[in-house]
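*Asks:* With chain A's structure known, arrange chain B on it following the hints.
2 protein chains.
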Amino acid sequence: MVQTPNKQLVLLKHILRGYPVAGEHIDVQESSIDLEAPLKEDQALLKVHTISIDPFLRGPMKGVDAGGYFPPFDVGQTMYGYTISTVIKSNIDKFKQGDVVIGITNLEEYAVISSSHPFFSFCIVRNDIKDSGLPLSYYVGVLGMPGLTAYFGFLEVGKPKKGETLFVSAAAGAVGQIVGQIGKILGLRVIGSAGTDEKIAYLKQIGFDAVFNYKKTNNMSEKLAELAPEGIDVYFDNVGGETLEAVLNNVNRFARIAVCGMVSTYNAEKDIGVHNLMNIVPKHAKLEGFAVSDYFHLEEQFTKDVVQWLKEGKLTYRESVAENIDEAAQALVDVMYGNNSGKQIIRVSDPSF
Amino acid sequence: MVQTPNKQLVLLKHILRGYPVAGEHIDVQESSIDLEAPLKEDQALLKVHTISIDPFLRGPMKGVDAGGYFPPFDVGQTMYGYTISTVIKSNIDKFKQGDVVIGITNLEEYAVISSSHPFFSFCIVRNDIKDSGLPLSYYVGVLGMPGLTAYFGFLEVGKPKKGETLFVSAAAGAVGQIVGQIGKILGLRVIGSAGTDEKIAYLKQIGFDAVFNYKKTNNMSEKLAELAPEGIDVYFDNVGGETLEAVLNNVNRFARIAVCGMVSTYNAEKDIGVHNLMNIVPKHAKLEGFAVSDYFHLEEQFTKDVVQWLKEGKLTYRESVAENIDEAAQALVDVMYGNNSGKQIIRVSDPSF
Numbered sequence: 005m006v007q008t009p010n011k012q013l014v015l016l017k018h019i020l021r022g023y024p025v026a027g028e029h030i031d032v033q034e035s036s037i038d039l040e041a042p043l044k045e046d047q048a049l050l051k052v053h054t055i056s057i058d059p060f061l062r063g064p065m066k067g068v069d070a071g072g073y074f075p076p077f078d079v080g081q082t083m084y085g086y087t088i089s090t091v092i093k094s095n096i097d098k099f100k101q102g103d104v105v106i107g108i109t110n111l112e113e114y115a116v117i118s119s120s121h122p123f124f125s126f127c128i129v130r131n132d133i134k135d136s137g138l139p140l141s142y143y144v145g146v147l148g149m150p151g152l153t154a155y156f157g158f159l160e161v162g163k164p165k166k167g168e169t170l171f172v173s174a175a176a177g178a179v180g181q182i183v184g185q186i187g188k189i190l191g192l193r194v195i196g197s198a199g200t201d202e203k204i205a206y207l208k209q210i211g212f213d214a215v216f217n218y219k220k221t222n223n224m225s226e227k228l229a230e231l232a233p234e235g236i237d238v239y240f241d242n243v244g245g246e247t248l249e250a251v252l253n254n255v256n257r258f259a260r261i262a263v264c265g266m267v268s269t270y271n272a273e274k275d276i277g278v279h280n281l282m283n284i285v286p287k288h289a290k291l292e293g294f295a296v297s298d299y300f301h302l303e304e305q306f307t308k309d310v311v312q313w314l315k316e317g318k319l320t321y322r323e324s325v326a327e328n329i330d331e332a333a334q335a336l337v338d339v340m341y342g343n344n345s346g347k348q349i350i351r352v353s354d355p356s357f
Numbered sequence: 005m006v007q008t009p010n011k012q013l014v015l016l017k018h019i020l021r022g023y024p025v026a027g028e029h030i031d032v033q034e035s036s037i038d039l040e041a042p043l044k045e046d047q048a049l050l051k052v053h054t055i056s057i058d059p060f061l062r063g064p065m066k067g068v069d070a071g072g073y074f075p076p077f078d079v080g081q082t083m084y085g086y087t088i089s090t091v092i093k094s095n096i097d098k099f100k101q102g103d104v105v106i107g108i109t110n111l112e113e114y115a116v117i118s119s120s121h122p123f124f125s126f127c128i129v130r131n132d133i134k135d136s137g138l139p140l141s142y143y144v145g146v147l148g149m150p151g152l153t154a155y156f157g158f159l160e161v162g163k164p165k166k167g168e169t170l171f172v173s174a175a176a177g178a179v180g181q182i183v184g185q186i187g188k189i190l191g192l193r194v195i196g197s198a199g200t201d202e203k204i205a206y207l208k209q210i211g212f213d214a215v216f217n218y219k220k221t222n223n224m225s226e227k228l229a230e231l232a233p234e235g236i237d238v239y240f241d242n243v244g245g246e247t248l249e250a251v252l253n254n255v256n257r258f259a260r261i262a263v264c265g266m267v268s269t270y271n272a273e274k275d276i277g278v279h280n281l282m283n284i285v286p287k288h289a290k291l292e293g294f295a296v297s298d299y300f301h302l303e304e305q306f307t308k309d310v311v312q313w314l315k316e317g318k319l320t321y322r323e324s325v326a327e328n329i330d331e332a333a334q335a336l337v338d339v340m341y342g343n344n345s346g347k348q349i350i351r352v353s354d355p356s357f
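Protein chains in written order, with this note's numbering: chain A, 5 to 357; chain B, 5 to 357.
Hints in this document: simulated from the structure, not taken from any laboratory.
It should be emphasised that the depicted structure is a prediction, and the values quoted were computed from it without experimental measurement.
Fair warning: there could be bad hints in the mix.
Since copy identity is lost for identical chains, a pair holds within one copy or between any two.
Said to hold, decoys possible - Cut-off 30 Å, straight-line C-alpha distance, at most; resulting in silico cross-link-like pairs (DSS-like, lysine-lysine):
no., residue 1, residue 2
1, K66, K227
2, K219, K274
3, K66, K17
4, K274, K227
5, K166, K208
Just chain A, with the same shape it has in the complex:
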């Protein structure tokens, strides 16, 4: 029985409010696994190459039921999330040795998945990506869950029309940068906000028409009035809170607010209320939440468009890559603070293909 080291991102302690601390609430710990041990008949063993660090991971860290989202992580257990991996061995029919798998697994170097697990349906064999010529990590980014979220949230909920004004918050993030660039492709005027000057520079570089650093802006409502003198038609909301209030002071008639997430509230010590919701009444504006899972069945259209835009150079995608699983806990904390630039990825191992 040979034990192989197996590093894992583990939840140490639930945290309902406030920012998590690496080492206190989450940490990377070394366990071990016998890669030769027999699997159960409904299991497959995966070697993980890429871990995706996404804001939604904050929810299950709270330890409370989130009403339809993922269930809480257990204390002392390995957290789960999106990964890209290769099958080492498998007792599951549709997973063969060497297959590339994208999906939700434990966040560790070697992950066992089970066909009876509730998340199993999220795990998909995607051998096509071996020859795609695109970075592997794109498949948990611009071509993965964040890409799907951006594409369908913007198109199906935001219903953009050429010539309209789009505002995107967290615009340099995993989802925001895609939304803004699709906005430009479709002929909208695109405004973005982010929290560092370096992100702001990136947004200008990829074609945003107007940008601002919200951390250096005293009055976001006035700033938006200045940058969007004709008002906002579509707001792609990644942050909620004060930014949403500022938008509600600047919406046009029949504006659509596609609510993807409200990251400003995830780590807040106190719930931040939205105080001017009444503004949607005279404007006949709409706030609509959505989850990427509503659109999984439309993935083919998404992949076709986005691969084409990437190949034509109309869409660029910035990632922040941590080169070692040891960095996973701090990387997640950094995402919560917005310290990362672009999609946060952990490179765990290199694939052999």
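*Replies:* Using the frame of chain A, we list chain B on its own:
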């Protein structure tokens, strides 16, 4: 020159927050008018029969621009609102002596309207109502602006489907009672809230499936979970604030929240924030504001349906009628407190038809 007394509802003082006080912020004052004096060439003189007291009147009392709603009332000037009246004399082509007019005019016994006034387009000749066999006041209620609001807000924004669960707040009010009854006509399960036991009794009487007095309910979120065990599909929101938060804890996937108004915020000393908006994301729920003016062009369909429902006895409409214009200021304050029962009307004079 014979002067005729002309009582008017006058704004004495703007009030941004808190509840208005009759005699301090608004009052009925007696002026006079020479009914024989010549009119300008773009004017008509009306004898007012009915004044409609609506919650939206609170907005222009604030003295600040409300972003797309009606402009503020001027201090010392007669307030405006919906009225029903008869033309005494007219220099405007489309208004003839004896015509019945429904629309927005000054709230006084004798109102002069001008074809150059921004609200003139709201004034419509409606001689058909002379022979309708229905109470005159219905035309500023169930067959007027509140009716249109209920009908189109519920049908076009709420998009109800048979078998779904509808919740209506301020359910015994001018709009809410109509929404709930249309919900029953369309085969939904209908839940309503109101602020007095007497209103609750009325809601049961007109067929609501479940009702509660929110002033006697400690935890509205739990109350709604109990009364709507299968969740809420459509919420017709008249109140905002805490009630909206309670609904957001109980919405089903793809729920529609039609936001008609947020009366809980109109008189609040402090803005009441909504703290759980993030709930719309996993549920793919939607909040959509609307204004009745979006649907004026569809009035024919509305009138046909509602008149039929009234005549068939499927729809009943309760009004609270003050018999004298002297009561107008206190009646408006009462509407703000929810002390009225049903649509608040002021009977100013009897028509001769």
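*Asks:* If a hint holds in the structure, say so; if it doesn't, say that too.
*Replies:* Outcome of the hint check:
With identical chains, the CA atoms of K66 and K227 are at most 30 Å apart between copies only, with a shortest distance of 25 Å across copies and 34 Å within one. Taking the shortest Cα distances, K219 and K274 sit within 30 Å of each other both inside one copy (19 Å) and across copies (26 Å). Taking CA atoms no more than 30 Å apart as the test, K66 paired with K17 passes inside one copy only; the shortest distance there is 9 Å, against 49 Å between copies. For a Cα distance limit of 30 Å, the shortest separation of K274 from K227 qualifies both inside one copy, at 25 Å, and across copies, at 25 Å.
Proximity of K166 and K208 under a CA criterion of 30 Å is satisfied intra-copy only: 20 Å inside one chain copy versus 50 Å between copies.
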